[in-house]
Amino acid sequence: MTTKMFGEPIVRREDPRLLRGDGRYLDDLGHDALAAAFVRSPHAHARILDIDVGAALDVDGLVAIYTYEDLPDRLAEPLPLLIPHPALTHGRTSHVLANEVVRHVGEPIVMVVATDRYVAEDAAQLIQVHYEPLPLVVGLETALEARDLVHDDVPGNVAARLVQRTGDTAGAIAAAPHTLEFRLDFERSACMPLEGKGVYARWDAADESLRVYSSTQTSTSVRTAVAAKLDLAPTQVEVIAPDVGGGFGVKIMHPWPEEVLVPWAARLLNREVKWTEDRREHFISSAHERGQVQFVKVGFDDSGRVLGLDVTMLHDNGAYTPYGVIVPINASTQLLGPYKIPVYRCEVVCLYTNTLIVTPYRGAGRPQGVFCMERTLDRIAAHLDLDRADVRAVNLIQPDEFPYDQGLMFQDGRPLIYDSGDYPQLLDKLKNLIGWDSFPAERERAAAEGRRIGIGMGLYVEGTGAGPYEGGHVEVDSKGRVHVSTGLTSQGQGHQTVFAQIVATELGVPIEDVHVTTGDTRRFKYAVGTFASRAAVMSGNAIALAARNLRTKALRIAGEALEADPQDLEITDGIVHVRGNPTASIPLKTVAVLSNPLRYAFDEESRAATQFTIGGSDDKPPVADGEEPGLEGKDYYSPIRSTFAAGAHAAVVEVDPDTYEIAILRYAVVHDCGKVINPRIVEGQIHGGVAQGIGGALYERMAYDEHGQLLNASFMDFLMPYATEIPHIETDHLETASPLNPLGIKGAGEAGVIPVSAVIAGAIEDAEGLVIDAMPISPDQLFERRNARQSNEDHR
Amino acid sequence: MAEELYEIELSVNGVPQSASAPARRLLSDFLRHDLGLTGTHVGCEHGVCGCCTVLLDGEPVRSCLIFAVSVRGRDLTTVEGLSGADGSLSPVQQAFQECHGLQCGFCTPGFLCTVTAFLRDNPSPSQEEVLEGISGNLCRCTGYQNIVKAVHRAAELS
Chain Y
1 MTTKMFGEPI
11 VRREDPRLLR
21 GDGRYLDDLG
31 HDALAAAFVR
41 SPHAHARILD
51 IDVGAALDVD
61 GLVAIYTYED
71 LPDRLAEPLP
81 LLIPHPALTH
91 GRTSHVLANE
101 VVRHVGEPIV
111 MVVATDRYVA
121 EDAAQLIQVH
131 YEPLPLVVGL
141 ETALEARDLV
151 HDDVPGNVAA
161 RLVQRTGDTA
171 GAIAAAPHTL
181 EFRLDFERSA
191 CMPLEGKGVY
201 ARWDAADESL
211 RVYSSTQTST
221 SVRTAVAAKL
231 DLAPTQVEVI
241 APDVGGGFGV
251 KIMHPWPEEV
261 LVPWAARLLN
271 REVKWTEDRR
281 EHFISSAHER
291 GQVQFVKVGF
301 DDSGRVLGLD
311 VTMLHDNGAY
321 TPYGVIVPIN
331 ASTQLLGPYK
341 IPVYRCEVVC
351 LYTNTLIVTP
361 YRGAGRPQGV
371 FCMERTLDRI
381 AAHLDLDRAD
391 VRAVNLIQPD
401 EFPYDQGLMF
411 QDGRPLIYDS
421 GDYPQLLDKL
431 KNLIGWDSFP
441 AERERAAAEG
451 RRIGIGMGLY
461 VEGTGAGPYE
471 GGHVEVDSKG
481 RVHVSTGLTS
491 QGQGHQTVFA
501 QIVATELGVP
511 IEDVHVTTGD
521 TRRFKYAVGT
531 FASRAAVMSG
541 NAIALAARNL
551 RTKALRIAGE
561 ALEADPQDLE
571 ITDGIVHVRG
581 NPTASIPLKT
591 VAVLSNPLRY
601 AFDEESRAAT
611 QFTIGGSDDK
621 PPVADGEEPG
631 LEGKDYYSPI
641 RSTFAAGAHA
651 AVVEVDPDTY
661 EIAILRYAVV
671 HDCGKVINPR
681 IVEGQIHGGV
691 AQGIGGALYE
701 RMAYDEHGQL
711 LNASFMDFLM
721 PYATEIPHIE
731 TDHLETASPL
741 NPLGIKGAGE
751 AGVIPVSAVI
761 AGAIEDAEGL
771 VIDAMPISPD
781 QLFERRNARQ
791 SNEDHR
Chain C
1 MAEELYEIEL
11 SVNGVPQSAS
21 APARRLLSDF
31 LRHDLGLTGT
41 HVGCEHGVCG
51 CCTVLLDGEP
61 VRSCLIFAVS
71 VRGRDLTTVE
81 GLSGADGSLS
91 PVQQAFQECH
101 GLQCGFCTPG
111 FLCTVTAFLR
121 DNPSPSQEEV
131 LEGISGNLCR
141 CTGYQNIVKA
151 VHRAAELS
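Chains as they are written, first to last, in the numbering used here: chain Y, 1 to 796; chain C, 1 to 158.
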């Protein structure tokens with residue numbers, strides 16, 4: 001068994017358990033726990049006049065009913081504004097249970113606890129809440145008009161005005177040989193993991209400690225948030241993310257009302273309590289994303305080179321802003337992509353509406369930004385009658401220009417400086433993969449057969465691996481098992497495999513001996529979370545550094561035992577040996593025994609490490625100064641700034657001339673996420689991202705009516721793609737190592753989704769000869785667009 | 001007033017099982033919470049996502065759309081019953097691992113049940129038949145490409 005595992009496409013180590021049905025997802029835990037259910041607002045904006053729980057009190061199995069009035073001080077305060085920002089002048093957050101006013105359908109008002117979920121819902125249904133409906137705000141333009149307000153004390157419904165600026169765009173655009181001005185629309189969608197959220201808590205009264213399981217992307221931060229809200233010391237709280245059935249961003253938002261209410265009730269009742277979100281709850285009371293209107297002004301020269309770009313984005317916050325302006329920052333900075341835009345200004349107006357909150361969904365604002373940039377480049381190409389790939393090429397940052405400073409501040413509070421990349425090569429590889437240059441002939445041939453096909457492309461740069469830090473801990477036990485832990489969580493990214501690959505490689509041990517734990521505050525207390533394509537970069541590097549520390553210690557101890565210079569030692573298959581002399585060796589598990597001088601023997605291995613066995617020098621302490629017992633290593637990785645991955649996508653689509661059904665005939669991806677730990681897993685991430693992107697481009701939208709009711713809050717009406725909607729995805733790779741981290745890696749989690757709407761819009765435009773300025777687009781919308789153009793032409 | 005309970009006896013993965021539950025108890029909840037077989041997952045509770053798919057007398061059904069009382073005396077197979085008694089993976093399970101056909105693993109039990117029945121009825125399916133065969137199950141992680149690959153691979157292994 002080779003120990004060089006980094007870069008190998010090995011199969012996942014978490015799979016057998018999940019394939020046998022032995023996964024432990026949130027609702028699989030707490031068999032005997034009480035169940036919580038919630039009364040949620042049916043109104044988008046209303047004053048609560050009265051809550052009558054009388055009828056519910058007779059329900060057999062009811063345990064407790066809580067409203068805002070029952071909450072103690074800290075719990076009665078608004079939830080935290082997680083990421084403050086100077087531009088967020090009017091940040092507002094909700095209460096865990098509504099306090100007088102509800103501001104979106106689905107806002108929790110009453111928590112019911114009962115013997116099981118059926119009974120809890122029975123009781124919830126009998127609770128009568130009387131409302132006075134208030135005027136409401138739905139849609140970005142209505143919010144901007146501000147005839148009505150979502151929050152009385154937020155003038156104009158404006159939460160934030162975020163301005164990115166590198167120079168005088170008005171002057172640059174006015175002086176440009178060509179200018180264009182247009183509007184783009186991007187609708188709401190949502191992460192929609194197949195497992196919703198969930199929380200299960202148990203209070204140990206004797207120990208005065210709380211254990212919380214949450215289907216979260218950040219167990220460490222939930223821990224501090226729960227401790228703060230429940231007035232407990234963090235040491236009294238442990239939070240575990242069990243197997244999590246997908247996240248895609250929605251589970252990085254925290255603490256959810258239920259995440260503090262369920263532990264609170266568990267403590268108060270001294271009973272285990274569990275809440276498992278149902279699908280309707282997930283639609284109306286978790287979070288959405290996307291949702292922007294963009295106004296673009298661009299100036300450019302005859303070759304299509306952009307001279308100045310000015311964008312105003314209207315961004316729909318929903319009713320509250322707990323996650324700050326992260327999505328708008330990403331949208332407005334990552335818009336620039338792999339391009340050199342000499343003068344750029346973007347103003348994002350973040351507006352409150354009486355709809356569900358907007359927090360990051362895979363891509364986290366980048367799909368909107370990239371849509372804006374790529375549609376702009378397509379417009380420029382059309383205006384100048386140039387090839388769309390050529391217009392991209394003249395604007396690309398060149399490989400010798402790194403590090404490239406875009407002159408803005410990124411979402412990690414650090415300068416937007418790209419660390420490395422080769423964008424012209426990405427573009428070339430994409431053109432080859434999809435057959436860009438030969439496509440016009442193909443389109444002509446298809447047209448001769450009465451078929452309408454088109455091609456589109458889109459490039460992106462993605463800031464990944466944002467700080468501030470992650471940590472890793474690696475420990476070898478006396479049986480030779482290697483235990484690895486990191487604080488961030490897993491939702492299907494294969495961390496148990498890739499982190500084990502890193503440790504196997506760094507340490508020189510068989511991967512079968514490596515066991516990885518993530519997202520468990522009992523094992524690792526300090527962490528940020530899994531989002532922004534950061535897990536491999538952040539925890540991967542932290543774990544590598546921890547393993548290197550452990551290796552140094554192991555070689556030192558082995559060197560003493562073998563009477564060899566540690567520099568002459570190496571570790572192969574878990575055995576420390578003198579380089580070139582495999583017989584002078586000592587197993588790592590024996591080194592682990594030696595590292596921990598013992599008084600008591602508890603097994604065969606530990607017998608070798610007890611005081612009367614070891615002996616040793618009489619004038620030195622058993623644990624040398626500056627040393628610690630145990631064969632372990634711990635370290636943190638904290639980057640100076642994000643590392644920037646990149647990619648290029650292209651698609652060929654066909655529009656059915658009768659039904660206007662849009663079929664994706666081909667989809668090609670070239671991506672660069674630096675050094676790859678496991679190509680199989682990276683490919684899987686790309687496939688999944690593209691599929692979500694296709695959902696967002698052609699099928700998924702949040703259909704709010706003018707009353708703020710979400711009309712399609714079920715899987716019957718919110719159309720996520722099945723296998724039949726997703727084409728075969730062709731991939732090619734580039735590996736531009738990041739100079740910022742020891743392993744040279746960049747993140748890959750979000751890449752697949754980012755440019756898809758831009759690419760599909762470009763391809764439909766090419767097929768139909770129609771300007772596509774709003775996504776997603778359905779067959780009936782495309783049909784209407786074509787008819788509208790037809791009738792315009794008929795009227796001429 | 002307490003709900004009336006019904007004794008529900010059935011065979012699950014070849015083992016006789018029984019528990020009492022109210023008439024409105026969904027089969028998915030019965031399996032998960034009354035019998036403790038939590039491998040069957042619930043993704044939408046309205047029969048669209050396919051996560052809760054189990055085999056009822058060999059045929060794939062949505063356990064979230066069936067009342068437990070209505071399958072008294074029937075024969076059920078859940079994901080826990082797909083692997084061998086020694087824990088060895090079935091060809092379908094093995095193919096899903098080989099082809100990286102799962103990420104978060106939440107939809108996987110439903111796919112495994114669906115594909116197991118599909119390949120039993122059609123041991124060497126075409127690409128179109130595979131797509132059709134799994135077109136009732138949602139996956140939000142994989143983009144399906146590796147699931148499709150896994151179905152073909154499972155056909156080879158079977």
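Mixed in with the good hints, there may be bad ones.
[Claimed, not checked] Chain Y side only, calculated, beta carbon under 10 Å to chain C, not exhaustive:
id, residue
1, 25
2, 195
3, 196
4, 243
5, 276
6, 450
7, 451
8, 689
9, 714
For the record, the hints were derived by calculation from the structure and aren't laboratory data. In this text, a Cβ means the ideal position worked out from N, Cα and C, and glycines have one as well.
>> When the structure is checked against the list of hints, which entries are broken? Sort them ascending.
In response: Checked against the structure, the hints that fail are numbers 6, 7, while the rest are satisfied.
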